[in-house]
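Produce the entire structure from the sequences given, and follow the hints as far as they go.
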Amino acid sequence: GNSVTQMEGPVTLSEEAFLTINCTYTATGYPSLFWYVQYPGEGLQLLLKATKADDKGSNKGFEATYRKETTSFHLEKGSVQVSDSAVYFCALSRWSSASKIIFGSGTRLSIRP
Amino acid sequence: EAQVTQNPRYLITVTGKKLTVTCSQNMNHEYMSWYRQDPGLGLRQIYYSMNVEVTDKGDVPEGYKVSRKEKRNFPLILESPSPNQTSLYFCASRTGGGPQETQYFGPGTRLLVL
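Chains D and X supply the protein sequences, listed in that same order. The numbering of the first sequence is my numbering, which starts it at 2 and goes up by one. The numbering of the second sequence is my numbering, which starts it at 366 and goes up by one.
Everything labelled a hint here was simulated from the structure, so no lab data went into it. As the structure is a prediction and not an experimental result, all values here were calculated from the model. Keep in mind that the hints are not guaranteed to be accurate.
[Stated by the list, open to error] Cross-link-like lysine to aspartate or glutamate pairs, in silico, EDC-like; alpha carbons within 20 Å at most:
id : chain 1 : residue 1 : chain 2 : residue 2
1  : D       : 78        : D       : 56
2  : D       : 53        : D       : 77
3  : D       : 53        : D       : 64
4  : D       : 57        : X       : 444
5  : X       : 434       : X       : 444
6  : D       : 53        : X       : 444
Encoded structure:
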């Protein structure tokens, strides 16, 4: 079946550090891939997405590349800020009767000043 | 402002007392769904709706009901809540364009069933 696996947290970094959150997926066909972010006390919001192989999604300094050969969609940012502290969810969606989003378990990120 | 709203945001109830969580979107989206978020499990889909009067079960539908009488509203009904339904619930909507479309999430409803 379809699934998403992402690195467990929590991840704690110092401000201006480099961030990588690993995400791999299992899916038939060609899913669309997403990173959603959940700030404390809020709902999820889309951070970035990629809809086909080799696409790179980017937003707010974050980026992720759709790698079909390794079935991965790792999230990276060159220099994190305290305001990036949140829970990050990797997710996929593909054509089916449900067209639902399948989420990973989430990675909590904390940035120290 | 484009948004998905949910009410209530917080709810404490007792086992067996029927409750409804409302969800409304102002973006004229065809597709709406409900998720629950539990620690270590991410979000799991409860029910979804492709359009008015069209609903279907997601991955964890037991103990829940939904209805879609109007395009903008998609209430979640717990006929007889139990403690294992204590969770954080999110409503979401998107256009009918397909799985590449962005889903917009409500702010969440935190439910505690005693």
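Hint check:
Taken as a hint, the residue 78(D) and residue 56(D) pair is honoured in the structure, with Cα atoms around 17 Å apart against an allowance of 20 Å. Between residue 53(D) and residue 77(D) the alpha-carbon distance is near 18 Å, which keeps this suggested pair within the 20 Å criterion. Under the criterion of a C-alpha separation no larger than 20 Å, the hint pairing residue 53(D) with residue 64(D) is consistent with the structure, at around 15 Å. At most 20 Å may separate the alpha-carbon atoms for a hinted pair to count; residue 57(D) and residue 444(X) exceed this at roughly 44 Å.
Pair hint residue 434(X) plus residue 444(X) holds up; C-alpha atoms about 18 Å apart against a cutoff of 20 Å. For a cut-off of 20 Å, the pair hint linking residue 53(D) to residue 444(X) is broken: about 42 Å separates their Cα positions.
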